[in-house]
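J.: Residues per chain, in single letters:
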Amino acid sequence: MPTATDLVTDLPADFEVFGQAVATSMADLLGGTSGQILAKNSNTDMDFVWIANDQGDITGITATSPLTGGGSSGAVTVGIQDGTTAQKGAVQLENSTSSTSTTTAAVPASVKTSYDLAAAAIPKSTVTTNGDIIYATGSAAVTRLGIGSAGQVLTVASGVPSWAAAGGASGPTFRATRITTDYTIPSANTFTKMPFNGEDWDTGGCYDSTTNFRFTPTTAGYYEINGNCNLLVDAPVGRIIYSVYRNGSAWARFYDGLPPASSFNITSSVQMYFNGSTDYAEMYIWTASSTTRTMPLTVSYLGNTFDGVWIRS
Amino acid sequence: MTLYSDLVATLPELEGSDAFADGTIILQNDSDGAGDYIAKWDYAKPLPKGFKIGK
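Chains as they are written, first to last, in this note's numbering: chain A, 1 to 313; chain B, 1 to 55.
These are calculated hints, taken from the structure and not from any lab test. Treat the hints with care, as some may be off.
To be verified - Calculated Cβ distances over 12 Å to all of chain A for the following chain B residues:
| id | residue |
| --- | --- |
| 1 | Ala19 |
| 2 | Asp30 |
| 3 | Gly35 |
| 4 | Lys40 |
| 5 | Lys45 |
| 6 | Pro46 |
| 7 | Lys52 |
What the hints assert, rightly or not - Derived DSS-like pairs (lysine-lysine); straight-line CA-CA distance at most 30 Å:
| id | chain 1 | residue 1 | chain 2 | residue 2 |
| --- | --- | --- | --- | --- |
| 8 | B | Lys52 | B | Lys40 |
| 9 | A | Lys40 | B | Lys45 |
| 10 | A | Lys88 | B | Lys45 |
| 11 | A | Lys193 | B | Lys55 |
| 12 | A | Lys193 | B | Lys49 |
| 13 | B | Lys40 | B | Lys55 |
The structure displayed is predicted, hence computed values, not measured ones. Where is the CB? At the ideal position from N, CA and C, for every residue including glycine.
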């Protein structure tokens, strides 16, 4: 290129050189396609590049499940499909513990309600074996009772259910007698305990044949109490009362009337409940006549027995 | 003398009374060697002096 002080110039040549330099400098502006924009390619002067005119804009939406719609031109809409058991999607929340819907979802409140119910339920793991049953051991406390054996029945022992042999529950039985000597009733008009001082049997050791002459069963339940009174009277006159006592008081009269003969037997029975600890039974005789009334030995007239047997709980 | 005869001596109207059989007055003997005693006294008159309830 000529300078301002050059005297001779070759203008055509000079312009060609100038034009080539400009073309070289502006080379990046060449090219490009319709719609493209010019962008700096680097920090170097005159370093440009043609790029697509889509910088920072959404030019299209591709929708995949559970989204619907989408597109790359015109008005683009996007939706979300309903969720079902077959497809993912939007789900309506529901606060219910009774709904049977298959298209809604539970909220924490309903989940907690269900959880609380489940937590308060008897765990299935309580039972382990075929035939197990469950019973309470207190408030909100349970335990298992394994199946019993064939023929057993459910009963209660020590305050809890248990299996026992059918008909296996039992209580004591006894038969008291008068032995050694006849007993003369000491006073008329006086209820006198009949001193049965012998025992044919006493399975539970519940009859006292030495001191109190009373039956105090150690198994609670209903008993049949039998009394056979044999009296020898000087004369068949004067009222006679033959009673069974319970806990020191008259419970039932087996006989109340005149003696039918000078020697007679009276047999009777009654059912009585015993608590298995403190309840007891005794036999008393009362006569109005002051003539001699004798309670002979059991073996003499096959009378004067006092017996009882447990019937049921 | 028995407890019965002692009572009748004190209250003669008790002679032959049903009170001793019907439970109004219960004289009892537990065949324990302690003898007769008054187990119950529901008679219209109070227990006479010299007598007691129980053994």
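J.: Against this structure, judge whether each hint is valid.
T.: Here's how the hints hold up against the structure:
Its closest Cβ contact with chain A, about 9 Å, brings B/Ala19 to no more than 12 Å, contrary to its assignment away from the interface. For B/Asp30, the non-interface assignment is contradicted: its Cβ lies about 5 Å from the closest Cβ of chain A, within the 12 Å cut-off. Separation of B/Gly35 from chain A is inadequate, the least Cβ-Cβ distance of about 8 Å not exceeding the 12 Å criterion. Not every Cβ of chain A is farther than 12 Å from the Cβ of B/Lys40; the closest lies at roughly 9 Å, contradicting the non-interface assignment.
With 12 Å as the threshold on Cβ separation, the claim that B/Lys45 sits away from chain A holds: the shortest Cβ distance comes to roughly 17 Å. Against chain A, the non-interface label of B/Pro46 holds: every CB pair exceeds 12 Å, the least being about 20 Å. Against chain A, the non-interface label of B/Lys52 holds: every CB pair exceeds 12 Å, the least being about 16 Å. For the hint linking B/Lys52 to B/Lys40, the alpha-carbon distance of about 10 Å falls within 30 Å, and the restraint holds.
Between A/Lys40 and B/Lys45 the alpha-carbon distance is near 137 Å, which puts this suggested pair outside the 30 Å criterion. Between A/Lys88 and B/Lys45 the alpha-carbon distance is near 101 Å, which puts this suggested pair outside the 30 Å criterion. Restraint check for A/Lys193 and B/Lys55: the C-alpha separation of about 14 Å stays at or below 30 Å, so the hint holds. With a CA separation close to 27 Å, the supplied pair A/Lys193 and B/Lys49 stays within the 30 Å bound.
For a cut-off of 30 Å, the pair hint linking B/Lys40 to B/Lys55 stands: about 11 Å separates their Cα positions.
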